[in-house]
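Novice: Protein chains in written order, with the working numbering: chain A, 1 to 330; chain B, 1 to 99.
By construction, these hints were calculated from the structure, which means they are not laboratory data. Any given hint could turn out to be false.
[Claimed, not checked] Keeping only pairs whose Cα atoms sit at most 30 Å apart, straight-line, the calculated DSBU-like set for lysine-lysine is:
no., chain 1, residue 1, chain 2, residue 2
1, B, Lys7, A, Lys230
2, B, Lys57, A, Lys32
3, B, Lys57, B, Lys7
4, B, Lys31, B, Lys7
5, B, Lys6, B, Lys57
6, B, Lys19, B, Lys7
[Stated by the list, open to error] Here are some, though not all, of the chain B residues that point toward chain A, as calculated from beta-carbon distances under 8 Å:
no., residue
7, Ala16
8, Ser66
9, Tyr82
All residues carry an ideal CB built from backbone N, CA and C; glycine is no exception.
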Amino acid sequence: MDASEILGIALTNLISPPVLAFALGLLAVAIKSDLRLPEAFYQAISIYLLLGIGIKGGVALRNANITELWLPLLATLVLGLMIPVLAFTISGWLTKLDRVNRGALAAHYGSTSLVTFTAALVFLESSSRFVEGYLVTLLAVLEVPGIIVGLLLASRGRSESVAWGESLREVLSGRSIVLLVGGLALGAIAGNAGFASIEPFFGGLFTGVLTLFLLELGIVAGRRLPDVKKAGAGVVVFGLGFPILAGALGVSAGLLSGLSVGGAALLGVLSASASYIAAPTAVRLALPEASPGIYLTASLGITFPFNLIAGIPLYIWLAESLEGVLSWTL
Amino acid sequence: MDFVGKKLITIVAESALEKRLVGELHNAGIKGYTVSTVHGAGIRGQRVGDLQGGNVKIECVVSDDSVEGIFSVLSTHYFPHYACVAWLSDVAVFRGEHF
């Protein structure tokens, strides 16, 4: 694995339609275009993506061997608890933020970004790399613990108690979890035969819909970019550096728990990505004094574009490089 | 025509707060309300917004004696931290018992 290969992966990723659509969204903001996807359409395709990825994961889960699942599952749980603690500690070294804002960051980086995951999955599949289909299960597992740990860390710095009930209800009954877990169940029950009947809609069209979604996210992220300057250098360094660390941890944990190179790369992507849908709502309700100008700017304005453009190829390259060192077979 | 004088409370807030604000209004004993999705700009500009769906406008006609309670809750729990504004207008309604 040499430098030209990582550049090759990076370039293929960069010129894939979803990433180019994201760039188009950024460009649209830069030239002050009035382009936006209609709100209801955007909400509808986010439901499509969540349900679609859940169903495909469920079908894979049904075909998976349970004994090969428990180690990656355990690794994911450990990552889910460890990453927010690391984010909390490291943001303390890099920034002057108080506990509440660092806890908010920890909640975002501990949780995951479905779109980053999906973009990485589509990229891995399109470049014919094998990925265990049940990785979506790990996505669902990693979604929630990070938010809880982040809120816990922040709550120790507050005089008022945290509105736990409301925030957790918001996360657990929010569409991310309902559609992902619901989709997993649906796919596991329907199996291959059932999936065949909906494949044209949820399979064939998937990358196209993802491309539209990323166009909108490019616009939303582009509108966040002016806030990056306000957030300060420490937050920028954190937003770019932390995903590399978390991604490397995820890749290593993936390989050690017996995942394939593609699977480990994807666990790296999950670990590196920061939430900008489930976590912001939960944090907004639980920690009103934490500033969205920090946590949302970091996750959506810095880390998301970084992962999409540079992170995904980097974690794939890391997984391919570390394979010989960390992989083992039972 | 028998018009009755009432107060109209209009709250514009980030949409993450919708459920919570409607809950507060119910606690204050209101009988009905209207929510619409809106967009605009204010002095704060910091919200979770965008992906969660911008702002909501909650309108609610109440009797004079509920006004103070509602605004004191808004001032304590919402104005300091959230993108949230509210104003009060005099309105005249038909069928006063509906409000």
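Novice: The structure should be examined with respect to each hint, and the outcome stated for every one.
Specialist: Right, here's what the structure says about each hint:
1. Taking the CA atoms of Lys7 (chain B) and Lys230 (chain A), the gap is near 40 Å; set against the 30 Å cutoff, the hint is violated.
2. The hinted pair formed by Lys57 (chain B) and Lys32 (chain A) meets the criterion: a straight-line CA distance of about 27 Å does not exceed 30 Å.
3. A hinted pair counts as satisfied when its Cα atoms are at most 30 Å apart, and Lys57 (chain B) with Lys7 (chain B) qualifies at roughly 16 Å.
4. Pair hint Lys31 (chain B) plus Lys7 (chain B) holds up; C-alpha atoms about 13 Å apart against a cutoff of 30 Å.
5. Taken as a hint, the Lys6 (chain B) and Lys57 (chain B) pair is honoured in the structure, with Cα atoms around 19 Å apart against an allowance of 30 Å.
6. Note on Lys19 (chain B) and Lys7 (chain B): the hinted pairing holds, with a Cα-Cα distance of about 22 Å set against a maximum of 30 Å.
7. At its closest, the beta carbon of Ala16 (chain B) sits 5 Å from a beta carbon of chain A; the interface hint therefore holds under the 8 Å criterion.
8. For the restraint placing Ser66 (chain B) at the interface with chain A, the shortest Cβ-Cβ distance is roughly 24 Å, beyond the 8 Å limit, so the hint is violated.
9. Interface hint at Tyr82 (chain B): satisfied, since its Cβ lies 6 Å from the closest Cβ of chain A, which is below the 8 Å cut-off.
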